[in-house]
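Participant: Protein sequence lines correspond, in order, to chains V and S.
Going by my numbering, the letters in the first sequence line up with residues 1 to 410, in that order.
Going by my numbering, the letters in the second sequence line up with residues 1 to 133, in that order.
Be aware that one or more of the hints could be misleading.
Derived pair list, reagent style DSSO-like, types lysine-lysine, alpha-carbon separation capped at 27 Å [claimed, not checked]: (1) V:K150 x S:K2; (2) V:K150 x S:K53; (3) S:K97 x V:K92; (4) V:K191 x V:K241; (5) V:K55 x V:K12; (6) V:K92 x V:K404; (7) V:K210 x V:K195; (8) S:K40 x S:K115; (9) V:K165 x V:K225.
So the derived list for chain S, only partly shown, Cβ under 10 Å to chain V, looks like this [claimed, not checked]: (10) S7; (11) V37; (12) K41; (13) A57; (14) R76; (15) T87; (16) L125.
Rather than coming from a laboratory, the hints here were simulated on the basis of the structure.
Don't be surprised by glycine CBs; every beta carbon is placed ideally from N, CA and C.
The lines below spell out each chain.
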Amino acid sequence: MSKLTSFDKPPKSRAGAAAPHQYRILGRRVLITDELGRWALLTRPEYDRFLAGLKPSDPLWPLLQSRGFLAGAFDFDAAARRQFERSLLSWKGPASHVILVERMDLATARRTVEFIFRCPGPQLTLELVFQDAASVWPVLWFIVQYARRKGEWSRRPVFLIARGKMMSPDQADFLRSHGVTRSVILELDGKPDMKTAPDFRAQRARARLKPGAAEPRAWARWFEKWGLESVRLLPSSLDEKGTAAFLAFYGGFLDSLIEDGERTNVRDEWAVGLLGGRLWNLPGMDVLEQLAYGADGRVFSSETAATGTAALALGTVGELRYQDIARLPSTSAVIAAASPDNQPLCSQCVYRAYCAVPPALNHKIQGHVWGQTPSSDACTLQMGILDRIFGRLDDEKMLLLLGKWCVDLT
Amino acid sequence: MKIVKGSVLLKLGKPLYGAEALAAGALTLGTRAQVFVDEKKSFFSVEIVPVVKSPQAQALALGGEFLNEALNHEYRQRVVRANAPLTQAVFSPLFAKGFPAMPADPLEELEPQVKADRARDLEELLMQAENMQ
Numbered sequence: 001m002s003k004l005t006s007f008d009k010p011p012k013s014r015a016g017a018a019a020p021h022q023y024r025i026l027g028r029r030v031l032i033t034d035e036l037g038r039w040a041l042l043t044r045p046e047y048d049r050f051l052a053g054l055k056p057s058d059p060l061w062p063l064l065q066s067r068g069f070l071a072g073a074f075d076f077d078a079a080a081r082r083q084f085e086r087s088l089l090s091w092k093g094p095a096s097h098v099i100l101v102e103r104m105d106l107a108t109a110r111r112t113v114e115f116i117f118r119c120p121g122p123q124l125t126l127e128l129v130f131q132d133a134a135s136v137w138p139v140l141w142f143i144v145q146y147a148r149r150k151g152e153w154s155r156r157p158v159f160l161i162a163r164g165k166m167m168s169p170d171q172a173d174f175l176r177s178h179g180v181t182r183s184v185i186l187e188l189d190g191k192p193d194m195k196t197a198p199d200f201r202a203q204r205a206r207a208r209l210k211p212g213a214a215e216p217r218a219w220a221r222w223f224e225k226w227g228l229e230s231v232r233l234l235p236s237s238l239d240e241k242g243t244a245a246f247l248a249f250y251g252g253f254l255d256s257l258i259e260d261g262e263r264t265n266v267r268d269e270w271a272v273g274l275l276g277g278r279l280w281n282l283p284g285m286d287v288l289e290q291l292a293y294g295a296d297g298r299v300f301s302s303e304t305a306a307t308g309t310a311a312l313a314l315g316t317v318g319e320l321r322y323q324d325i326a327r328l329p330s331t332s333a334v335i336a337a338a339s340p341d342n343q344p345l346c347s348q349c350v351y352r353a354y355c356a357v358p359p360a361l362n363h364k365i366q367g368h369v370w371g372q373t374p375s376s377d378a379c380t381l382q383m384g385i386l387d388r389i390f391g392r393l394d395d396e397k398m399l400l401l402l403g404k405w406c407v408d409l410t
Numbered sequence: 001m002k003i004v005k006g007s008v009l010l011k012l013g014k015p016l017y018g019a020e021a022l023a024a025g026a027l028t029l030g031t032r033a034q035v036f037v038d039e040k041k042s043f044f045s046v047e048i049v050p051v052v053k054s055p056q057a058q059a060l061a062l063g064g065e066f067l068n069e070a071l072n073h074e075y076r077q078r079v080v081r082a083n084a085p086l087t088q089a090v091f092s093p094l095f096a097k098g099f100p101a102m103p104a105d106p107l108e109e110l111e112p113q114v115k116a117d118r119a120r121d122l123e124e125l126l127m128q129a130e131n132m133q
């Protein structure tokens, strides 16, 4: 069965009325998007009117004209500008660099930081991943210090994130005073305990749902209560059951954030990443958004690749030059596979402008970088998330919340 | 799809399936099966022999997996060809120009002392880190 939707009775359309677009039926509404990421959520009668040809007196005309959906009033200059901004021609290099610090020595750490600062992006994020800070503290300390200096010398903003088991108060103070955001990995099971304070202080969380995770609204309040600002929910497993349970939980979680939008400081990383609308904004997108570095200095196309397959190792810091990445066959392969234009299902999908499954994830779950979108659980997961987000876009509260997260969907 | 003596037999029409699609299908089975292809004028005759003797349902699943990937490959190639003008316009300059690395810091280039100070700073950092170990 296709993941795309279709009408039982196709609407009548007049040639030359509607500009090229994709559609998806979301409950009683029809979501339309174009390849530039412009969107509108219509009722079925509105969609029928749109396809049949709108008159300028129609109340829908100004909205759909301003968003580029009317063929007769299409702003080609605006579309070309938007296309350029969103295409890889405007890409400035990977912004996110994941360093697997465990068992890394100081010489490798130094070469890794130097490699990262050869990337030309206007800002860099270094995420330091470790099991236990105590066991890797000298390397962690060095990377933070050196990255801060390199940022200052190259006059570029540098964001540092430490992801791993918590540390001593002194170490925590050091990280805080050097502007390092703390990230924790949590496992959500059952209902949250609202009364007992957790044994950590962090701003970000990757929260994996265990099969028993329940009451997403209570969990959203729990994150808020204990000061977490950014949360990325993850399924217990990437299969049919895990994906279905995740989407049900995610829907409740998002509803809660929308309802508490004015008060809550919790940010949903899925929404922020996907609605950025650029391939290089998608969290974990190989080479375009992310590079990862192993303890032995190997450079991988992403963290998923670093923890999964040696096939996507690009080289070694100290030997590999940043500019040589373009010439590697694995780089061409992942960029071609990541482009939704090249994926059969994605090229027809209403979320084509917002979504792509990272090739390393395809490799991990389906055996090769292209994957098979019709049977991919990662595709099901991301489409489900986008269904829940776009299904709420006609709610003013949702738009205010996205504004608070600096997501511009206008 | 037929099962004969534990092997899966398929007959695939040529206008739809090409040799590359069959190779993609075979690759996806990896070391789980051997795939033999006989090319006729208008079709391919494919025999999938599971490496481990399997019950009929598992052999059928292997055949299904092979067909899935072969069809997906063929379809993907068509999509890639149809979208080639657009994607080439974007990808070609990206790969031709390469990924330009950050140029050397002009301050370090102009003032050798800055470069020397920074190198010394780095050595001190490394020494402090080593002392923590």
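Participant: Determine for every hint whether it applies to the structure shown.
Facilitator: Consistency of the hints with the structure:
no. : hint            : result
1   : V:K150 x S:K2   : 64 Å, violated
2   : V:K150 x S:K53  : 60 Å, violated
3   : S:K97 x V:K92   : 12 Å, holds
4   : V:K191 x V:K241 : 20 Å, holds
5   : V:K55 x V:K12   : 16 Å, holds
6   : V:K92 x V:K404  : 25 Å, holds
7   : V:K210 x V:K195 : 21 Å, holds
8   : S:K40 x S:K115  : 70 Å, violated
9   : V:K165 x V:K225 : 21 Å, holds
10  : S7              : 22 Å, violated
11  : V37             : 20 Å, violated
12  : K41             : 29 Å, violated
13  : A57             : 18 Å, violated
14  : R76             : 5 Å, holds
15  : T87             : 5 Å, holds
16  : L125            : 5 Å, holds
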